[in-house]
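K.L.:
Since the structure of chain Y is already known, use the hints to place chain L on it.
Residues per chain, in single letters:
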Amino acid sequence: MTRDMDRQPSTYAFSLRNDISELQTLGRRLESIGEELSLSKRCLFELNLALDELFTNIISYGFEDGNEHRIEVTIRADERVLTVTIEDDGVAFNPLERQTPCLPHSIDDCRVGGLGIHLIRNLMDEVCYRRDGQQNILTLKKNIETISSNPTEIST
Amino acid sequence: MDITEEKQAGVHAFKLKGRLDSNTSLAFEQRLFESITDGTKNVIIDFKELDYISSAGLRVILKATKALKRENGKILLCAMQDYVKEVFEIAGFDAFLSIVPTLDDARRAL
Numbered sequence: 075m076t077r078d079m080d081r082q083p084s085t086y087a088f089s090l091r092n093d094i095s096e097l098q099t100l101g102r103r104l105e106s107i108g109e110e111l112s113l114s115k116r117c118l119f120e121l122n123l124a125l126d127e128l129f130t131n132i133i134s135y136g137f138e139d140g141n142e143h144r145i146e147v148t149i150r151a152d153e154r155v156l157t158v159t160i161e162d163d164g165v166a167f168n169p170l171e172r173q174t175p176c177l178p179h180s181i182d183d184c185r186v187g188g189l190g191i192h193l194i195r196n197l198m199d200e201v202c203y204r205r206d207g208q209q210n211i212l213t214l215k216k217n218i219e220t221i222s223s224n225p226t227e228i229s230t
Numbered sequence: 533m534d535i536t537e538e539k540q541a542g543v544h545a546f547k548l549k550g551r552l553d554s555n556t557s558l559a560f561e562q563r564l565f566e567s568i569t570d571g572t573k574n575v576i577i578d579f580k581e582l583d584y585i586s587s588a589g590l591r592v593i594l595k596a597t598k599a600l601k602r603e604n605g606k607i608l609l610c611a612m613q614d615y616v617k618e619v620f621e622i623a624g625f626d627a628f629l630s631i632v633p634t635l636d637d638a639r640r641a642l
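One line per chain: the protein sequences are Y and L, in this order.
Residue 75 is where the first sequence starts when you use this note's numbering, and the numbers rise one by one after that.
Residue 533 is where the second sequence starts when you use this note's numbering, and the numbers rise one by one after that.
With the rest of the complex left out, here is chain Y:
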């Protein structure tokens, strides 16, 4: 019997300040959640990368007033799926409206604009955006891969 079968839904919530140093906090939070849920290294990495790109986007473009803001992150894990919501009170911004960049054929036509969003779309199984009042709400879904579902991986 694997642990996934016994798993009860669990919810984790935390908030981050609009400061780039909070990326470390994000990484640490996700690491402990990953440990608790026995996420595979790849699954944890992909989750961290998607949230990193989103967070970096929000704090780079979302706030124009120079004040401190909070970005709220909620992660709900059921047996198979992680559902992550990220809420901020920055300017209305739907990252999904940005065009996916053309993948480069050579270094000369390689542009990095939109790369973060491109990564998020590819790493997550579902991405939804809505604007609710003054809030941007982005919901991400990712199928869970645990250490036990990927037996070739050795936990370190």
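Honestly, the hints are just simulated from the structure, not real lab data.
Take these hints with a grain of salt, some might be off.
Stated by the list, open to error - These stretches of chain Y come out as covered by chain L in the derived footprint (C-beta under 8 Å, 3 or more residues):
| # | segment |
| --- | --- |
| 1 | 94 to 106 |
| 2 | 160 to 170 |
| 3 | 188 to 200 |
As the list claims (entries may be wrong) - Below, a sample of chain Y positions facing chain L; criterion: calculated Cβ distance under 7 Å:
| # | residue |
| --- | --- |
| 4 | 112 |
| 5 | 116 |
| 6 | 180 |
| 7 | 181 |
Just so we're clear, the structure is a prediction, and the values are computed from it rather than from any experiment.
The beta carbon of each residue, even a glycine, is placed where N, CA and C say it ideally should be.
P.N.:
Coordinates of chain L only, in the frame set by chain Y:
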């Protein structure tokens, strides 16, 4: 992130340890471009102990690759964890970057 540098027979190797993200990419970019400005033509970046990379890290690699190309130099990336390599593939960077399995492979190729 820790960066260890090693110069040997005209090749400058950078060994990265930890996380290459928006917090750490600037320090790495500075070290890389100091070396390129000093005339380095051949660069190896060893990813063996790198646990994490974001688009900020990809940007630094792209910028250095473009700079070295202008100087007729070469850059090789080696020893990536499979999930790190996947990020390069999703970004399409594997189309023009040389990614090899080990540091020895990288040294042989330069």
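K.L.:
Hint by hint, say whether it matches the structure.
P.N.:
How the hints compare with the structure:
1. 94 to 106: Our answer is that it holds, as 5 residues pass the Cβ test (under 8 Å) against chain L, meeting three.
2. 160 to 170: Coverage by chain L is violated for the segment 160 to 170 of chain Y (0 residues, Cβ < 8 Å).
3. 188 to 200: holds (count 6)
4. 112: Result: violated, 17 Å to nearest chain L Cβ.
5. 116: Hint holds; residue 116 of chain Y Cβ to chain L Cβ min 4 Å, cut 7 Å.
6. 180: holds (5 Å)
7. 181: holds (4 Å)
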